[in-house]
Structures are given as C-alpha cells and as structure tokens.
Amino acid sequence: MGKSLPIATYHNPPWQYEMSQTQSDEKQAGSMTSKWDGLIFDVVEELANRLNFSFKPVVVEAPPEIIIAKADPLRASMSASEKVPDAVTELVRSGSVFLAACAYTISTHGKDPSINLTQAISLQTYGLLAPRPKPLSRALLFASPFSNEAWACLASAIILVGPVLYAVHTLSSRTTDTELKDPGSVLLGLDSPSRCIWYIYGALLQQGGMNLPKNDGARLIVGTWWLVVMVVVATYSGSLVAFLTFPRMEMAVKTVDDLLARKSEFTWSIPAGSFLEDYLLVSSAEGTIDYRNLLQEHEPHAEKHGTTTYLQNVQKVKRGKHALIDWVTSLMISTRNEYVASGSCHFSLGTDVLILGEPISMIVPAGSPYLALINVQLQRMQEAGLLNKWTADRIPVKDQCSEGGIIARETDNHKVNLEDMQGIFFILLLGYFIGTLTLGWEFIRRRLKIAKEAKLIRPFID
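Each residue of the sequence shown is one higher than the last, beginning at 1 in the UniProt record's numbering.
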C-alpha cells in the first residue's frame, strides 16, 4: 500500500496502551516520546510490515474509571465485563479509520452489520480465582499415614495376637531339656494374656522383650509377628515422610461444580454483561447442577463486577471465602501482581470454567476491501506461531504461584517444625497423664488392700 492509514485505539492494557520513552540520542536527549504498545500493536506492526503501510493512531479518550483502574499499564488486566468505548466503534462505522486496534469480543459485536470483525487473534477462556487452600491441622500428623480402619485393625491384631501367643505358649508340649528340668521356666515373662499383649506391643515398637518363647509353636507366632512389624514400620515410615513433605490442604475450589457444591461457604462474582452471563441466562439445568445458580437473580451469594470493581473483588478473594470468575488471562495477571507485591501466593486458579471460549478480534468498516488481506496475514501469523509468542510475552502463563511452582517451593523449603511434631508431644503428655493416674490407682488399691487386711480377725494359734 505504501500509505499512512489512521487506526482508532484507546488506552486498555495489556491489549493496547501508550508508553512514554526518553530519547537517548544527542540531539533530543532528555525529551519524551510516546509509543503504543501491547499485544494488539504487536499484530498491527506486523501487518504494517507485511502489507507495506504505516499507521497513525487516532486516540479516543478512555473512560475515567478505566484510566484510574489501569494507571500502571504493565500490571493492568482487562475484565470480560469491559466494553470498547462507543466512540471507537463509531469511527470505524463512519469509515474515518482503517481499523480499530482494540480487543473486540466476537460474542458482543459479531451481529453488528455496520462493522466486520477480523480473524481472531486470541481466544479468551474463563477461569475461577479462589483463595489458596490452607493447610489442615497437623496435630495428628503422626496418625495420617494410616486410615482409621488401618489403625483399628492394627490395634485389634495386638489385642488378639497376645492371647493367642499365651494359649500356644502354655498349651504346647514342652520338649526342650531345660523345660524337662524346670517345667515352670517356660512361663517366665509370658505367664498371662496381659503380659503377652505387652510383649506383642513391644515387638511392634521394635523394643523386643526380656524373655523369648521356649517352644516352637510360640516362636513361629512371634516370628510371623516380626514379619508383620517389618512391613508395618516400613510402610508407616515412608508414608510419614511424604506427609511431612507435602502437607494436607483444604479442598481447593477449582471448578464451578466445586463452587456450587460449597455455595453456603462462599460468595462469588461474575463479569457483568459478559458472554458468560449471556450463556448462563439461556442455559438450563444439566444433571444435578443448575449453572444458573451462578447468577445474581438465582442465588443471593452471587454478585456481578465491572471494570472498577474488578480489583475490589480480587482483594475479597485474598481475604477468603470469595471467588472471582473472569478471563483466565486477567486472573493470571492479578495473581502475578499480588505475588510481586507481597511475595506470597494467595490464590488458587481454576481454568476452563464451563469450557467457554471467547474469541478476540479487531474490527474494520463493513465492506472494507482490506478485510481479506488482513485475515490472510493473521492466518499466517497464527501458523508461524507469532500470535502465541506475543501472547506468552504479554500475559503470564505459569509463574511461581502456579500449582507446580508452589509444590516445588514447598518441597524444597519445608523443614520439620514444632507444628509438625506437636502431635507427638501430645501423645507424650497423654502417656505421662495416664501413667500418673495408674500410679495413683495402684497406691489407692494397695491402701485399700492393707486396710481390708487390717480389719480381718485372725485366730491366734500357739
């Protein structure tokens, strides 16, 4: 073309925004110039190079609330509720500009006969931003490797094996020379079911015992129990290391199904006037879940947000028990901003909410002869991977707060602390307490026995 063509735009980071630069050459050193940047202008500049034209931005003043909410273009995000100013669209309708270098949603403007949308340059999906799950109490961490049923079976085995050992030990034939010389020695240390239970319990804790069985039947029972102990201890030790390394967390809210299942605990917000809201208005119940409950008209916990209230909802999520549904790219930018500001990860991000995709395009006047040329070049950019590269450069895909990054950092940095060990100290204190009670009971029982014996009248025999 070789022409300078006007294009309409407005300040709307991260898609398009104006950046001020300081000149570094000697003639204009210190002077300020401005340059339009963003994902949309990456595409426009590539179009200008391929179609041999230059462009002159025709800037429409953004609404004041957008300017205030997006004062820092490098940290700003675009909510699905945000709409392109009518003044920009009117410039295209009137044919005053070559195209509008703005992020238009096909779902909102696709039916306008006075404009044509280009091929999509991005596909926006919806995500769900929820508070990051908190670690569950670690007071009983030592019991976590086994389920309640496993602990019950283990305790039952100790109680049952003890009497079995006693029965076999006392009823078996005594065949060794020692037993023939001293028949009573075979019962030494294992002469009651309770002592056998303590013996089995000590073997489980790998403490052994002072006396071993004297006959083969009882030895087989003890030997088999030692094999059980080896498996139990190895399984417990390995599982305990895993629980110490990866703490158990609350159930995360990753999907709309999770959110609706816990709707009594959470409030949530969806973008007002968005494609998501339109979809929910015409949707019907699917199975046991009615997604219309996400709407304010159907559920008192539901809210709506716009451009000015988007950041307020992000802070509500940070404080807990609130969820925010919006474009995944916007939520990723908000997550990154909070991490940069605080150094901590406060959010859990679920992607592909309801599997909805919303294409983003630019617009040209209806009947524009350049639409086919633009679409051909956009298709080539897509095939060459340029659109994906620019999107990755402008919008974070994975960072330190992504699920894999959080797990990796917790694994590398976690040290066993008092919170991890508190349950063991509780058991120790409980043991001391029960031991003290038992000691007191033994003293009381002995005193009662002595007092009872003192009252007995014993006959005097000369």
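Each hint should be verified, as a subset may be incorrect.
[As the list claims (entries may be wrong)] Restricting the straight-line Cα-Cα distance to at most 30 Å, the calculated cross-link-like pairs of lysine-lysine (DSS-like) are:
| hint | residue 1 | residue 2 |
| --- | --- | --- |
| 1 | K3 | K389 |
| 2 | K254 | K35 |
| 3 | K134 | K83 |
[As the list claims (entries may be wrong)] Computed spacing ranges between beta-carbons, pair by pair:
| hint | residue 1 | residue 2 | range |
| --- | --- | --- | --- |
| 4 | A384 | A143 | 39 to 49 Å |
| 5 | Y279 | E90 | 19 to 29 Å |
| 6 | E297 | G431 | 39 to 49 Å |
| 7 | G431 | H298 | 17 to 27 Å |
| 8 | A384 | G110 | 37 to 47 Å |
| 9 | Q207 | G343 | 42 to 52 Å |
Hints are computed from structural coordinates only; laboratory data are not their basis. Predicted model, so just to flag it, every value in this text is computed and none were measured. Glycine included, every Cβ here is placed at the ideal spot set by N, Cα and C.
Evaluated hints:
1. K3 x K389: Given that 30 Å is the threshold and the Cα spacing comes to 28 Å, the pair holds.
2. K254 x K35: Cα-Cα ~39 Å, so violated.
3. K134 x K83: Not satisfied, since the Cα-Cα distance of roughly 36 Å exceeds 30 Å.
4. A384 x A143: 39 to 49 Å: Check failed, 57 Å falls outside 39 to 49 Å.
5. Y279 x E90: 19 to 29 Å: For E90 against Y279, whose Cβ atoms are near 28 Å apart, the range 19 to 29 Å holds.
6. E297 x G431: 39 to 49 Å: 59 Å, violated
7. G431 x H298: 17 to 27 Å: Check failed, 55 Å falls outside 17 to 27 Å.
8. A384 x G110: 37 to 47 Å: Violated - the Cβ-Cβ distance for A384 and G110, about 26 Å, lies outside 37 to 47 Å.
9. Q207 x G343: 42 to 52 Å: 47 Å, holds
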